[in-house]
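J.: Residue-level listing of the chains:
Number of protein chains: 2
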Amino acid sequence: MAEFAIDYSDVQCARARIRRHGVEPTPVHRWSAFEERSGIRDLQVYVKCENLTAIGAFKIRGALNAVMSLTESEARCGVATHSSGNHGTAVAYAARTRGIPATVVVPAGASPQKMDLIRHYGAELVMCEPTQEGREEALAGLVREQGRVPIHPYDHPAVMAGQGTVADEFLDCVPDLDWLFVPIGGGGLISGTAVTVRTRRPQMRLVGVEPEGANDTQRSLEAGVRTKHPAPNTLADGLRAFVGALTFPVIQKWVDQVLTVTEEEIRNGVRWGFEELRLVTEPSAATVLAALAKTPVPDGARVGLILTGGNVDPDLWAGLRKGANPGFLGAPPSARWPVQRAER
Amino acid sequence: MAEFAIDYSDVQCARARIRRHGVEPTPVHRWSAFEERSGIRDLQVYVKCENLTAIGAFKIRGALNAVMSLTESEARCGVATHSSGNHGTAVAYAARTRGIPATVVVPAGASPQKMDLIRHYGAELVMCEPTQEGREEALAGLVREQGRVPIHPYDHPAVMAGQGTVADEFLDCVPDLDWLFVPIGGGGLISGTAVTVRTRRPQMRLVGVEPEGANDTQRSLEAGVRTKHPAPNTLADGLRAFVGALTFPVIQKWVDQVLTVTEEEIRNGVRWGFEELRLVTEPSAATVLAALAKTPVPDGARVGLILTGGNVDPDLWAGLRKGANPGFLGAPPSARWPVQRAER
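Taken in sequence, the protein lines are chains A and B.
Following our numbering, the numbering of the first sequence begins with 4 at its first residue and continues without gaps.
Following our numbering, the numbering of the second sequence begins with 4 at its first residue and continues without gaps.
Some hints here could point you the wrong way.
Treat identical chains as interchangeable: a pair holds within one or across any two.
Said to hold, decoys possible - Restricting the straight-line Cα-Cα distance to at most 20 Å, the calculated cross-link-like pairs of lysine to aspartate or glutamate (EDC-like) are:
| id | residue 1 | residue 2 |
| --- | --- | --- |
| 1 | Lys297 | Glu268 |
| 2 | Lys297 | Glu278 |
| 3 | Lys117 | Glu267 |
| 4 | Lys117 | Glu39 |
| 5 | Lys297 | Asp45 |
| 6 | Lys117 | Glu278 |
| 7 | Lys297 | Glu139 |
| 8 | Lys231 | Glu148 |
These are calculated hints, taken from the structure and not from any lab test.
All chains, please: the whole structure from these sequences, using the hints.
T.: Take a look at the structure:
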């Protein structure tokens, strides 16, 4: 597998490394309500609860693997990233675990709650203009002036390998999965997953899921070359990133299918997460619940879903669930997501 | 231990029985956010996720154990209970598992969502007046006329033994728990728990938790005899029941302490469940989160919490979390909880 940035042995090393530093396997939960209401006979649906990691998202795995893989001299320089979401928290957490400084570039307008969480883990915050250029410039400045080591959220071999540990744990619990649904943002999770399942369970059907409003991977697969969505816009804020240069070739080769889901379907997924799984499910994670619901899987199928995270502002979430917060759901995209839209 | 309705061997039998019929051990999750913000050094907090059973509550254990313990000739008569909550769902589920009929007496005004769930599991619904007398009369009628076997929600040895399996699983995962916090409604869960921990981990501190507005167990312990709360009223709808004749003596002997929590504290607990545990936490379950937050546990303590369930009407819940639904939180108690208040 030298054709790609990582192979399965990298995932195995990552798994041992993050376990050593406190990341316990997350539970696997049955979506029995869906099994019953689907009408599909003998369906088994297993949900890998990445919302139950210490930071509430799978991102802890890649960031911790990357930070723990640094040499001593690299580590002394500290790490940096730009993020307004789970990856920023994950890098802060990982740096604290290693006992090194971290700086997270946060675009103006990011949620105070998320900034508090990043600060809680001891990282320094640097505010920047809420544009992709502003973020990259601020990060480049930290690298140049303070010697910080940048930790890319997905296009980074140690991050991809770390994210691959989700599927590795999942297959320990449910070795005979027939289908696996995985959200695609920048492709870190699904590329690590693909490397793992193609070694351990090659015949499994691997399905990537994107929001219709941020389907750059689907476009890229059709075009045969990485192709941006012209104006990404979705509630699933973790999935707006542009598929990576390292992750895309893995997806091209090993992902069987990329499905898209609508915003309405994502909202349904959030609701099912609440009512049927009793798990707090962020919109990015709800995409896989929505995708399964529209996929005609055969009788007797054993289906896995990676529920990627449960970090969502509670007040926004209350509105999201009830459809009762027009400021959140009804405002024009430019007002809603100025920061994240600039991300690609 | 013949002094009580059950002993530890009953719990062991119950555990084997419910496992055989599909109840897998629920996960144990760390409340790391609280460990960090508590200021208590080396605190470890383990949460037993009973919201992740098939019906979203621990009640499945006792009901399934009771229904599976019936003789063939009893089972042929079918079972019945009265409930507007998780026990009704649990009995319906258990009867379906055994393949026998079930009838659930539901007071007028019960939530349509809960009635749907009971119907989903194939039980027949019988509506009654929303008073304790109406419920008991309707149930007695079913027993008399149809020969149905009544399954009491807590004052029933097989139910108590089934609920004791939660602690039994918990101690397999975390054998050296120092403290355990358990909600008290009718006392089925805490009595089964007490029987289990006094055998397996006798030195552990067992803390019962009641809402201030339904502290009949605390009153009963003070009086030395079962004593009702004059007008039980709390968001924690699962905890309004009156402590049982079989469960109370176990509590008297083996529970170290009964704490109460206010409605405000319960609401905080629901919020922490959402934001810090990423679990849907019904108010009755949130009581233990609230209780830990006000208890000065020592440095290094290993604390267990039984998070009893995650069934809560999503729209009520959204209002509960935001404090933005005066119809739910601000109405006079008589308007809010006419049905449940009549329960005892």
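J.: Between lysine 117 and glutamate 39, at a C-alpha cutoff of 20 Å, which is it: within one copy, between copies, both, or neither?
T.: between (37 Å within a copy, 17 Å between copies)
J.: When no copy is specified for lysine 117 and glutamate 278, does a C-alpha distance of 20 Å or less occur within a copy, between copies, both, or neither?
T.: Result: close only across copies, 11 Å inter versus 25 Å intra.
J.: When no copy is specified for lysine 297 and glutamate 278, does a C-alpha distance of 20 Å or less occur within a copy, between copies, both, or neither?
T.: Intra 19 Å, inter 30 Å, cutoff 20 Å: intra-copy only.
J.: Check lysine 297 against aspartate 45 for me: Cα-Cα at most 20 Å, and say if that holds within a copy, between copies, both or neither.
T.: within (17 Å within a copy, 46 Å between copies)
J.: Given a CA cutoff of 20 Å, do lysine 117 and glutamate 267 count as a within-copy pair, a between-copy pair, both, or neither?
T.: Close neither inside one copy (25 Å) nor across copies (25 Å); limit 20 Å.
J.: Within a copy, between copies, both or neither: which one fits lysine 297 and glutamate 268 at a CA-CA cutoff of 20 Å?
T.: Cα proximity of lysine 297 and glutamate 268: one copy only (9 Å, versus 41 Å across).
J.: From the Cα coordinates, with 20 Å as the cut-off, is the pair lysine 231 and glutamate 148 best called within, between, both, or neither?
T.: neither (31 Å within a copy, 70 Å between copies)
J.: At 20 Å max between alpha carbons, let me know whether lysine 297 reaches glutamate 139 within a copy, between copies, both or neither.
T.: neither (38 Å within a copy, 45 Å between copies)
Hints 3, 7, 8 from the list above are not met by this structure, while the remaining hints are.
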